[in-house]
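J.: Residue numbers (the numbering used here), protein chains in the order written: chain W, 1 to 255; chain U, 256 to 528.
Treat the hints as calculated values from the structure; they're not laboratory data. Accuracy of the hints is not assured; some may be wrong.
Heads up, simulated BS3-like pairs for lysine-lysine below, C-alpha to C-alpha not over 27 Å straight-line [said to hold, decoys possible]:
| no. | chain 1 | residue 1 | chain 2 | residue 2 |
| --- | --- | --- | --- | --- |
| 1 | U | 379 | U | 419 |
| 2 | W | 2 | W | 69 |
| 3 | U | 327 | U | 379 |
| 4 | U | 272 | W | 33 |
| 5 | U | 517 | U | 447 |
| 6 | W | 92 | W | 110 |
| 7 | U | 379 | W | 69 |
| 8 | U | 272 | U | 262 |
| 9 | U | 419 | U | 398 |
| 10 | U | 272 | W | 2 |
| 11 | U | 517 | U | 336 |
| 12 | U | 398 | U | 517 |
| 13 | W | 132 | W | 182 |
| 14 | W | 33 | U | 265 |
| 15 | U | 265 | W | 2 |
| 16 | U | 262 | W | 33 |
| 17 | U | 336 | W | 2 |
| 18 | U | 517 | U | 262 |
| 19 | W | 33 | W | 57 |
| 20 | W | 99 | W | 57 |
| 21 | W | 33 | W | 2 |
Each chain, written out:
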Amino acid sequence: MKVLDCNISYGASINGQPHRNCDTFADLCAAMKTFGIDGGLVRASYISTVGVSYGDKMLAADLASDAAKGLELYGVWGLVPPCTGETPAPEKLPEEMAKNNIAAIYFDPKSHRFVPNRISIGAYLAVAQERKIPVILHSRYGITMETLANIMEIYPDLTVLFGDTDSWPNARRLYPLAYAYKNLYFDLSYVMDDQGIEDMVGRFGADRLVFGTGFPDRYTGSTMAMLRAAEISDEDRAKIFAGNLERLIGQEVLK
Amino acid sequence: MINTNSKIAKQFWETGKLPCPILDFHAHMNEHASIYFPAGDVDGMMRSMNNFNVRWLMFFDHLEFNDPLYAKHFAVEAVNKYPNRLRAYRGILSRHLNPEEDIRAVDENPDIYVGFKILGDYNKFPIADPIHDPYYQYLNDTKKLLLIHTWDKSPFDGAEQVRKIAERFPDIVIICGHTFFGDIEHGIEITKEFPNVYYELTAIPIIRGFLEDIVEAAGGSDRILFGTDLPWFSTMHGAGMVLSADISDEDRLNIFYRNGDKILSRFPWYTLD
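In isolation and in its complexed conformation, chain W is listed as follows:
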């Protein structure tokens, strides 16, 4: 069964986090082979810890290196409000992403210190909506549920891959948004709920769920085992393990 992970990262850390880190891109590639992960969306943690210019360039270079051979890896770039000129101009973003094998973008207002709204990042969100670029919004980067709801209200057709680090089962917060927005997808990295996958597949269909591990912060085996053993059809399981992410990253931007 093919396995693509929507939430993996690497990069040395100065503060002891994650607890067991994955310092280099080569270490990440080796770990993926040990855990049986065939590829996915990778992020350089330097984007959030050092800066967007440094991290985005390093990620693009690493993706083009020999270490990536044999794995189906695509990058995730971090963006800050375009008015400062630190990240590609919105109109040039799709072209720059395609050149550098970048398949998704994310915003980290917690580390990069900006307000994530239409005024600050709306130009990027408009391009992403038009070109079907997956936008990763995650509570670990300071995206609250309220921010997510506000963004979806303004950009209802935006392709969003949302993740939430809250370990407590969160259906009462997430399900209303899932019912409202058909392009809202869920990263399963931090989902631990008993029979949660079965419940979501039953309500929204398997197309809305995307396998992720959160490596190196989290154990890769946790989500893998949950999904492998979930009481869903093998067709749905294959979609969640790889097919849905393939569909998302195979849209406009990489063509």
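Since the structure of chain W is provided, determine the placement of chain U on it from the hints.
T.: Using the frame of chain W, we list chain U on its own:
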């Protein structure tokens, strides 16, 4: 395939089933005000247990915990519905103690209860306070189980509170739920000092590396018990951590059921068959 270094992980990946039983020492049941559970009642939990090869599960009912007055019968009914799969912990509710009634209930119903559970953080009451002594003395005399919610450096149920209980009641089998999450190193010192203190793994999966730290610091996996907080968290979420952790397959089997098998063997009703 989860872990190329593990035969057990490979077997699981090929079949979707663990090749060994699981003994779950930390679960709950029924409604909780903060949470929607897709399968929180006894039948929903049994469905998960069957799917994931959980042979026995020990639980403390949410209803009994959050309503100290009128809800103690729900746990009894659940065990009576599945007498060959479930056992309950009776609650020690520090602000609603009734030791005479509670101890009698546990003592007269050995096929329902394995012991008591106490949650100092939730009751905002130190678990080592002598007010609980009748319960602990009973457990010490009968060698039944005490499951404790242990968390970080809590003044209510942190490592120092557990140490005080273990010192005074050395024959209680103390199961440290969540393994002092946030203060694991201190917790490990206590298990080294007291042979009847065990770790339990609920919450540990959320930080990669914690399980390896525990195995390494404790000098092995002999005192680690499996638990999930079901119906909160999937059995396979915890099992997946064990499968992908950098430990041996012998450690994995110890954690899934061998250590628990030794503990439960003290009860006449227990069988792993």
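J.: The structure should be examined with respect to each hint, and the outcome stated for every one.
T.: Verification of the hints:
1. U:379 with U:419: 17 Å, holds
2. W:2 with W:69: Cα-Cα ~16 Å, so holds.
3. U:327 with U:379: 21 Å, holds
4. U:272 with W:33: Answer holds: residue 272 of chain U to residue 33 of chain W is near 22 Å, not above 27 Å.
5. U:517 with U:447: Given pair residue 517 of chain U, residue 447 of chain U holds - Cα atoms ~18 Å apart, limit 27 Å.
6. W:92 with W:110: At roughly 25 Å apart (the allowed maximum being 27 Å), residue 110 of chain W and residue 92 of chain W satisfy the hint.
7. U:379 with W:69: 55 Å, violated
8. U:272 with U:262: 13 Å, holds
9. U:419 with U:398: Holds, at roughly 17 Å.
10. U:272 with W:2: 19 Å, holds
11. U:517 with U:336: Roughly 25 Å separates the two Cα atoms, so the pair holds.
12. U:398 with U:517: 13 Å, holds
13. W:132 with W:182: 13 Å, holds
14. W:33 with U:265: 14 Å, holds
15. U:265 with W:2: 15 Å, holds
16. U:262 with W:33: Within the cut-off at roughly 16 Å; holds.
17. U:336 with W:2: Violated: residue 336 of chain U and residue 2 of chain W sit about 41 Å apart, past 27 Å.
18. U:517 with U:262: Satisfied, since the Cα-Cα distance of roughly 24 Å is no more than 27 Å.
19. W:33 with W:57: Cα-Cα ~25 Å, so holds.
20. W:99 with W:57: 12 Å, holds
21. W:33 with W:2: Given that 27 Å is the threshold and the Cα spacing comes to 12 Å, the pair holds.
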